[in-house]
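Residue numbers (my numbering), protein chains in the order written: chain W, 1 to 335; chain Z, 336 to 499; chain G, 500 to 943.
These are calculated hints, taken from the structure and not from any lab test.
The hints are all genuine.
These stretches of chain Z come out as covered by chain G in the derived footprint (C-beta under 8 Å, 3 or more residues): (1) 399-410; (2) 431-442; (3) 461-474.
Computed from a predicted structure; not experimentally measured.
Ideal Cβ positions, reconstructed from N, Cα and C, are used throughout, including at glycine.
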Amino acid sequence: MAWALGVVGVAVSGLGAFLHARAFYFGWLAALSVWIGWPLGSLSLLLIHRLTGGRWGDALRPYLRAGTATLPLLLPAILPVLIGLPVLYAWARPEQAPHLANSFYLNVPFFLGRGAAYLILWLGLAAFALFTSPANTRVAAIGLPLLALTFTFAIIDLTMSLDPAFNSSVYGMLQGAGAVLFALSLAVVPAAWTAKRDAVADLGKLLLALVVLWAYLDFMQFLIVWESNLSHDAGWYQARMSGGWAWAFTAQAAFHFALPFGLLIVPGIQRNRAAMAAIAVLLAFMAALRGWWTVLPAGQRPVGWIELACMCGMLGCGAGLAASLGRTQLVQRHV
Amino acid sequence: MIVAGFGSAEALRRAVASLAPEGARVETFTPDDLDEATEPTKSSAVPIIMLGAGLLGGFGFFALQAYGTMSGYPINVGGRPDFSWPPFIVNAFEFGVLCAIGAGFLGFFAINRMPKLFIAEDACDELREASRDGWFLSVRGGDPKRVRALLDSVGPIALKEWPE
Amino acid sequence: MSDDVVLGHPTPAAVTDRICGIVLHERVGLWWWIALAASSALLGLGVVSVGWLFWKGVGVWGIDWPVVWGFAIINYVWWIAIASGGTFISALFFLVRVDWRTSINRIAETMMLCAAASAGIYPILHLGRPWFFYWLFPYPNTMTLWPQFRSPLLWDFMALLTYVVASVLFWYFGLLPDLAAMRDRARGRGAQMFYGVLAFGFRGTGGQWRHYKAAYGIMAALMAPLVVSVHSVVGLDFAGGETTGWHSTQFPPFFVFGALLSGFATVILLVIPMRHYFSLQTYITERHFDALGKLMVVSSLCMAYAYIMDVFTTFYGPDPADKTMFVARMFGRYAFVYWSTILFNVLLPQLLWVRRLRLNQPVLILVCLGAIVGMWFERVEIVVTSLHRTTLPSAWGDYWPTFWDWALMAGTIGLFLTMFLLLIRIVPTMSIAEMRELVRKREA
Chain W
1 MAWALGVVGV AVSGLGAFLH ARAFYFGWLA ALSVWIGWPL GSLSLLLIHR
51 LTGGRWGDAL RPYLRAGTAT LPLLLPAILP VLIGLPVLYA WARPEQAPHL
101 ANSFYLNVPF FLGRGAAYLI LWLGLAAFAL FTSPANTRVA AIGLPLLALT
151 FTFAIIDLTM SLDPAFNSSV YGMLQGAGAV LFALSLAVVP AAWTAKRDAV
201 ADLGKLLLAL VVLWAYLDFM QFLIVWESNL SHDAGWYQAR MSGGWAWAFT
251 AQAAFHFALP FGLLIVPGIQ RNRAAMAAIA VLLAFMAALR GWWTVLPAGQ
301 RPVGWIELAC MCGMLGCGAG LAASLGRTQL VQRHV
Chain Z
336 MIVAGFGSAE ALRRAVASLA PEGARVETFT PDDLDEATEP TKSSAVPIIM
386 LGAGLLGGFG FFALQAYGTM SGYPINVGGR PDFSWPPFIV NAFEFGVLCA
436 IGAGFLGFFA INRMPKLFIA EDACDELREA SRDGWFLSVR GGDPKRVRAL
486 LDSVGPIALK EWPE
Chain G
500 MSDDVVLGHP TPAAVTDRIC GIVLHERVGL WWWIALAASS ALLGLGVVSV
550 GWLFWKGVGV WGIDWPVVWG FAIINYVWWI AIASGGTFIS ALFFLVRVDW
600 RTSINRIAET MMLCAAASAG IYPILHLGRP WFFYWLFPYP NTMTLWPQFR
650 SPLLWDFMAL LTYVVASVLF WYFGLLPDLA AMRDRARGRG AQMFYGVLAF
700 GFRGTGGQWR HYKAAYGIMA ALMAPLVVSV HSVVGLDFAG GETTGWHSTQ
750 FPPFFVFGAL LSGFATVILL VIPMRHYFSL QTYITERHFD ALGKLMVVSS
800 LCMAYAYIMD VFTTFYGPDP ADKTMFVARM FGRYAFVYWS TILFNVLLPQ
850 LLWVRRLRLN QPVLILVCLG AIVGMWFERV EIVVTSLHRT TLPSAWGDYW
900 PTFWDWALMA GTIGLFLTMF LLLIRIVPTM SIAEMRELVR KREA
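Take the sequences, apply the hints, and build the full model.
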C-alpha cells in the first residue's frame with residue numbers, strides 16, 4: 001500500500017513538474033527535507049544504541065535498521081533538487097549570487113563537492129550499522145559526532161540557505177532533533193505493537209524526551225530571534241507567521257509539542273500500545289507539516305496538490321522500500 | 336502495643352499478611368520501601384499536588400506578567416508589544432517549577448503529618464534498627480494474645496509489648 | 500578491573516554503619532583541618548573584598564566602558580555551570596536509572612549547593628546597589644513600578660532564585676531518610692537531638708516511603724529540565740543582546756554543554772580525594788571513573804560542535820562587526836584566551852577516549868582541572884572579547900581585572916570549599932537509603 005501511495009505520488013508530482021515547475025521543486029525539497037530525517041535519524045539511533053544499550057533499542061532495532069537501509073533512495077531523490085538548484089536557491093542564480101555576503105560558502109561547485117562527501121560518509125556509516133555486529137562500538141563512537149556535523153551542514157545547505165540572510169547557529173541541532181524525533185516516531189508506530197510490555201513504557205519516555213528536546217531548541221531559536229528583532233533573522237519568522245502559515249505555527253506548538261507532551265507524561269498512556277502508536281503517527285504528520293512550514297514560505301508557495309503529491313510520493317516510496325527491505329536478510333541478520 | 340522486628344522484608348511481609356484478618360492497626364517501619372512493586376505515582380497524592388501547584392504557579396505568573404506589562408505599567412521597549420508572550424513563558428516556567436517543587440516538599444510533610452519528633456513506638460529501643468537493616472511493625476488494638484502468637488510464628492528478631 | 504559499582508558484598512547494615520560512621524564516629528584527618536584553614540583564609544579575603552566593594556563601589560573592579568561585564572558575570576556563569584553539572588548527575592541519571600549514580604549523587608548535590616551559593620552572590624554584588632536587589636521581584640510598591648519582564652536579566656533573577664531554592668529542597672528531601680539513619684546511629688544526646696530535629700520525624704513508615712518515592716521521582720523529573728532552563732537563561736542573558744558575538748541562537752544549549760563539562764569535571768575532582776581520604780573504595784570504583792570519563796568526552800564533543808558552529812555562523816552571517824570581533828578574538832591580544840579554551844575544553848579531554856587514561860587518576864585530575872580552567876577562559880572569551888570589539892570602533896577598549904577582582908574570585912572559591920568541607924562533616928557523603936537499596940537488589 002505504501003508503494004502504491006508512493007508511486008502514485010511520484011507520478012502526480014511528475015505531472016506537477018510539467019504544469020508548475022516551481023511548485024514541484026519547492027514541494028519536492030520540502031518532502032526530501034522531511035524524509036531524509038528517517039534514514040539518518042534511524043542511523044543515529046542505531047549508533048546511539050550501540051554505545052548505550054537499553055531495552056528501547058532492542059525493541060526498535062528491526063524498524064531502525066529498515067529505515068537506515070532506505071538511505072540509497074537519497075540518490076534518485078536528490079536529482080530534482082540538483083536540477084532545480086537555480087529555482088530554489090538565490091545563491092545558485094548567477095545574477096544574485098555575487099551580491100551575497102556568504103557566496104564564498106554558498107556556491108554551486110562547493111555545494112556539490114561537500115554534498116558528495118556527506119553522501120559517501122552517510123552510506124559508509126549506514127553500511128557499518130547494517131553489516132557489522134552490534135558489539136562493534138568503536139566506529140559508532142567516532143561516527144556519531146561526524147553524523148551530527150555532516151547533517152548540520154547538509155540541512156543548512158538544503159533548507160536554511162533558502163534564505164541566505166537567515167543565520168541561526170542552533171539550526172542544525174534543532175533540525176537534527178526533529179529528524180531523530182521523526183525517525184523515532186516512525187519506528188514506534190510498529191514497535192508499539194511488537195515490543196514487550198516494559199519496553200513500551202521506555203519508548204514512551206524516549207519519545208517524551210525527544211519531544212521536549214525538540215520543543216526546547218525550537219523555542220530557544222524563536223525566543224532569541226524575537227528578542228533581538230534583527231531584520232535578517234526576524235524576517236525568516238515573519239514569512240512563517242503571517243497568512244495561513246500562522247496556523248501551521250500554532251499547530252506545531254499545539255500538536256508537535258503540547259498535546260503529545262500532555263499525553264506522554266501520563267504513565268497509563270505510556271503503557272497503552274494503541275495510544276503510543278497514535279501519538280507517534282501524530283508526531284510523524286506534524287514533522288511533514290513542519291517541513292512544508294520550513295521550506296514553502298521561502299518560495300511563496302502554499303500547500304497545494306503538487307506539494308501534497310511530492311510529500312506522499314517521497315514518504316510513500318520511503319515507507320514501501322523500508323517495508324520491502326525489512327523482510328530481507330540485509331535488515332534481519334543482526335536483529 | 337506490640338512492636339516487632341524481623342530480619343528481612345519477606346518476613347515482615349508475611350507478618351503483615353497474617354495480621355490482616357485480625358482487625359488491628361498495623362504500621363510498618365522499614366529501611367526501604369516495603370511495597371516497591373506498586374507504582375508510587377498511582378498510590379500517592381503528592382504528584383497531583385505538585386502538578387496542581389506547578390500549573391497554578393506557571394499560569395499565575397504568566398497572568399501576573401501580562402497584567403504588569405499591559406495594565407500595571409505599560410512601557411514601550413524597542414517596539415515590542417505590551418503582551419510579549421514569548422518572554423513571559425520563561426518566567427512562568429521557572430515560577431511553575433518553583434511552586435511544584437515547593438508544594439511537593441511541603442505536601443509530603445503535610446500528608447504524613449510531619450514533623451512528628453516523638454511517637455509511642457519509640458519506647459522500643461530496637462526500632463532504631465528500622466533505619467539500618469531491621470524490618471519492623473507496630474500493632475495497636477486487636478487481641479494481644481492472638482497477635483503475639485501470630486508474630487511469634489513468623490520468628491521476630493526483636494519483640495516488645497507494653498500497655499498503651 | 501571489575502565493572503561493579505560496589506566492590507565485594509557489603510550488607511545493608513554495613514553500608515549504613517560505614518557511611519554514618521564517617522560523620523558520627525570517625526576522627527577526621529589532618530588534611531581536613533589544613534584544607535579548612537586554607538579555604539577559610541580565602542573566604543576571609545573574599546569578605547574583605549566585599550567590604551571594600553561596598554565601601555567604594557564597583558569602581559574597585561576592572562570594569563569600565565566598553566567592557567562593563569567583567570569578573571562578576573564571568574565567575575557567576577562559571578559557578579552556576581559547575582553547580583548545574585551536579586544537578587545533572589543527580590537528577591538526570593536518576594531518571595534514566597543509572598546504577599553508578601547512587602554512590603556519587605550526594606557529593607554532586609552538595610557540590611551544586613556550594614557552587615550555587617558562590618554563584619548567587621555575584622549578580623547581587625554586580626547590581627552596584629545590592630541593597631535594592633528586591634526591586635527585581637514583582638511586589639506591590641508605593642512607586643507603582645513593575646519589573647521589566649521582557650528582560651533576560653530579570654529571567655535570570657527568577658531562574659537563579661528558583662534554582663537555589665529548588666536545589667536546597669531537593670538536596671534536603673533526598674537527605675531525609677539519611678538524617679533519620681543518623682539520628683538512630685548517633686550516640687551523644689546533642690547529635691541525637693540535632694539529627695532528630697533535622698529528620699522531621701522520618702521513620703520509614705509505609706505511608707512515608709510511598710509518598711517519599713513519588714515526590715522524589717517527580718522532583719528529579721523537574722530538576723532536570725529546570726537546570727537546563729536555568730543555564731539556558733544564562734545563555735539568553737547574552738543572546739538577547741545585540742553585542743557582537745552574542746546574538747547566536749545556539750547559546751542556550753551551548754551554555755548547557757559547558758555546564759555539563761565543568762560540572763562533571765568538578766564532581767570528579769571532589770570524588771577522587773573523598774574516595775581516598777574517607778576510604779570509600781568499596782563504593783566508588785573504577786566503574787565510576789570510567790563512566791564519568793566517558794561523560795567528559797561526550798560533553799567535550801558537544802562543546803567542539805558548538806565552537807565549530809560559533810565560527811561558522813559568524814563568517815556565514817551578514818554582520819561585518821561580528822567578523823571583525825571574531826578575528827580579534829582568535830588573533831588579537833586576547834587570543835591566548837580563545838586558544839586556551841580550545842585546548843582545555845576540546846583537545847585535552849580527548850585523552851579520555853582511552854580507557855587506561857580514564858582510570859589513571861593523575862591524568863583524570865589533570866584533564867578535569869584543565870576543563871574547569873578552560874570553562875573559565877570560555878566565559879572570559881564570551882564576556883570580554885565580545886565587549887572589547889563592539890559594533891562601533893570608536894568605543895573599542897580593553898579589560899584587565901584588578902586585585903579586588905581576583906580577591907573576590909578567591910573568596911568565592913573559599914566559600915565553596917569551606918561550605919563543602921563543613922557539609923561533608925555534617926551530612927552523609929553518600930545516599931545511605933539508595934545505597935542500601937542498591938546492595939540489597941544486587942544480592943537478590
